[in-house]
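So you can see what is in the structure, the chains are spelled out below.
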Amino acid sequence: MVCNTCLFSVWQSCMMKACRMRKLNLFYGIRVRAKSWSYVFGEDVGFGGVFRCTTGLADTFGKHRVFNTPLCEQGIVGFGIGLAAMGNRAVAEIQFADYIFPAFDQIVNEAAKFRYRSGNLFNCGGLTIRTPYGAVGHGALYHSQSPEAYFCHVPGLKVVIPRSPTQAKGLLLAAIRDPNPVIFFEPKWLYRLSVEDVPEGDYTLPLSQAEVIREGGDITLVGWGAQLAIMEEACVEASKEGISCELIDLRTLLPWDKEIVEASVNKTGRLLVSHEAPITGGFGAEIAASITERCFLRLESPVARVCGLDTPFPLVFEPFYMPTKNKILDAIKASVNF
Amino acid sequence: MALIRRAGRSLSMLKRSSLFHGKQKKQRQQPIVSPSLPNLTPHLPSSLIRLQINTTYSAIPRGISSCSFRSSYIPNRLLTSEAQPKLPDEGIDDTQFLDFPGVKNTAFTCDLKFVSEKSEEVPCYRVLSELGEPVDGAKLPQMADALALRIYENMITLQVMDYLFYEAQRQGRFSFYMTCSGEEAAIVASAAALSNEDVIFAQYREQGALMWRGFDLQEFAHQCYSNSADYGKGRQMPIHYGSKKHNFVTISSPIATQLSHAVGAAYSLKMDRKDACAVTYFGDGATSEGDFHAAMNFAAVMEAPVLFICRNNGWAISTPITDQYRSDGVATKSRAYGMRSICVDGNDALAVYSAVKSARSMAISESRPILIEVLTYRVSHHSTSDDSTKYRSGEELSHWKVMRDPVVRFRRWLEGNGWWNRQKDTELQSHSRKKIIAAMMNAESMKKPPLSDLFTDVYDSIPTNLKEQESYVREAVAKNPNLYPSDVPL
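Read top to bottom, the protein sequences are chains A and B.
Numbering follows the UniProt record's numbering, with no gaps: position 247 of the first sequence is 247.
Numbering follows the UniProt record's numbering, with no gaps: position 266 of the second sequence is 266.
None of these hints come from the bench; they were simulated from the model.
A few of these clues could be false.
As the list claims (entries may be wrong) - Straight-line distance between alpha carbons at most 30 Å, and here's what the computed DSS-like set of lysine-lysine pairs gives:
| hint | chain 1 | residue 1 | chain 2 | residue 2 |
| --- | --- | --- | --- | --- |
| 1 | B | K479 | A | K258 |
| 2 | B | K447 | B | K435 |
| 3 | B | K104 | A | K63 |
| 4 | B | K390 | B | K401 |
| 5 | B | K467 | A | K267 |
| 6 | B | K447 | B | K434 |
| 7 | B | K479 | B | K447 |
| 8 | A | K258 | B | K244 |
| 9 | B | K424 | B | K401 |
| 10 | B | K448 | B | K467 |
| 11 | A | K63 | B | K274 |
| 12 | A | K333 | A | K267 |
| 13 | B | K244 | B | K448 |
| 14 | B | K390 | B | K244 |
Predicted model, so just to flag it, every value in this text is computed and none were measured.
Use the sequences and the hints to build the structure in full.
In structure tokens:
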């Protein structure tokens, strides 16, 4: 196919001219060059989307490139695979990650395996699936799920989760341009809450590269998405008690950056993983097992996991379900005092 | 102003209703216009005014129990407590006017009547009789002898290849095979009606289409033997062919997943203004999958130039169509999606060719999807893993095999035109057999793909974890080489 010369770039400067602070509204503009094959589609994407992530895109780039689809997740992803197989960039939105499951077969059996099974004759690397995930305070069972672990079990996919607006822009651009199908989980909690100065212009952040966002020497904490803000608060509290925490944002869960976590745990001797998803079979289990294999003799205490409970995501019980700052702080202290 | 704007918006929506320009009967009473309110009507023709609100509202209405509405478009919340003007009713009959957004062309009825579960009969298009003679009144498609002979030769080669590969599997030369006996015309003739630029998303029984495109016997053999020349690098079971140069997307086992891919591909072709369409093949069983429904609906809404070719061969492994769906066939399903369709005698190569050619032209020039139900019969077992004598009668099978062979039917037509004879047939069969056996011998002698092909193409480039795993596997093999297949080079 002819090389795709399309370019995506965040649109926040256009939309937020008046104010310097940019919210994580994830306005993604598509700059169309002479020949471009990029599409953004999903339920309600046309008017801007239920989280306003695609506001204005259809007006700027036309309804043939930015459009609503029928209410059918398996169709959305299947259609996206077809577009990507023809060499296009297809950015498919699944309205809530809770609703991604009808598309599970298309994602796991088709998208993830498209290149491998064809002997690299074909691929759908141009496919990126964006979907809001995670707790929002009142979402309950079907507007709060964190299904990242299911997808981390699928060779051929990439799973990327940003923690902030600046990270989201760079990671999403990288995900869209990455020649592999990527699932980009956007923490919906941060859509309104997270406010940051985001650099204008085009930049990407590397996939499969974790980031140490706080240096420390006593214990390594690993997380992703909205949970990092909670973990950071716990780190601040812990430092008041003389515990120095190193905090790592994994950013890409599949394939994940084992080396950086291993290096950190070799330094600190302790590991704590925290995620909103239920603890059993959660991605924290993979990190715990891998690091235990690699750093067994260095570990001073068992790997701690502070996660959601093994229940469906409840409404009034959300504050009890969530891996809160205090639960994390308690686990840090238990680990340090083991 | 807000009221006028709202009224204007509602009225413009009403204008779009096709029922709107309906009967205008007797004049009803003149509007009562409150002097304190602006005149809502001056810029609009009176015939377009359908709104009549004859109740007052409080500034913050609690409910609408005391009102009567004529139109659903005026919002409930009105910010005035004054009586609203009673706007003229031009006498458009209540029963004609249906303006719900969900339907376009229908009318009210006061008859309590259900829509029948039986659809309108869909005729089955054919042009040749079972004896290969033009049916009375049939208009045969334009087909030169060269094309007709190429179709026939493909069908024969396909039959011979199927036979020999089936036997090869039985002999343990490779693990699996699926023949398309009984469906040769459906597959080859449909492929012949396409252009090489049309992208094919097949199910698994359409090797005839790939053969038509030019995939040669050697390439088929390589894939079935999973050797180092297999384009799929030995990763998939036999018959999971793919070929980029032939615009035939690699087969995957899950049923009906390819349908929505074809829709996405078709949309891409439309946007790129290509003179090409996407084509997807699938069986009767696939029409039960959610992906079928998803793809059909998407194709219609996106106005994608895609051909949905359903090989309705009556069986999904052991499941007959009576256990598969309750509609009368597959072609009738398209109407529910707002899509055009046709039902064709799939054992009549000329009819299949004609229908697909016509559908393709419509799909591209009108940017629309078309469902083509190709009725045929699965003479073969489902696959080499199946024994269909366990679930269907020998009489049924032998009837279709002996009396309803689509290749023989087409041959009769060729012979009737003086383009073919028995001797040529014998020569072709013999020639094909020799070529296929040579291809098989060659494929069998080749090594399998190297071990490194286990780890590549999971992603565009090999990630660290897979590099580690490759080292780990190589160490394991080095310790016990006799426990691993020796025909896979390390």
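Against the structure, the hints:
1. K479(B) with K258(A): holds, 27 Å
2. K447(B) with K435(B): holds, 21 Å
3. K104(B) with K63(A): Within the cut-off at roughly 22 Å; holds.
4. K390(B) with K401(B): Holds, at roughly 17 Å.
5. K467(B) with K267(A): Since the Cα atoms of K467(B) and K267(A) sit roughly 25 Å apart, the hinted pair holds (cutoff 30 Å).
6. K447(B) with K434(B): holds, 22 Å
7. K479(B) with K447(B): Answer holds: K479(B) to K447(B) is near 22 Å, not above 30 Å.
8. K258(A) with K244(B): Given pair K258(A), K244(B) is violated - Cα atoms ~36 Å apart, limit 30 Å.
9. K424(B) with K401(B): holds, 22 Å
10. K448(B) with K467(B): OK: K448(B) and K467(B) at ~21 Å, within 30 Å.
11. K63(A) with K274(B): Distance of about 19 Å is within 30 Å: holds.
12. K333(A) with K267(A): holds, 18 Å
13. K244(B) with K448(B): Satisfied, since the Cα-Cα distance of roughly 21 Å is no more than 30 Å.
14. K390(B) with K244(B): violated, 39 Å
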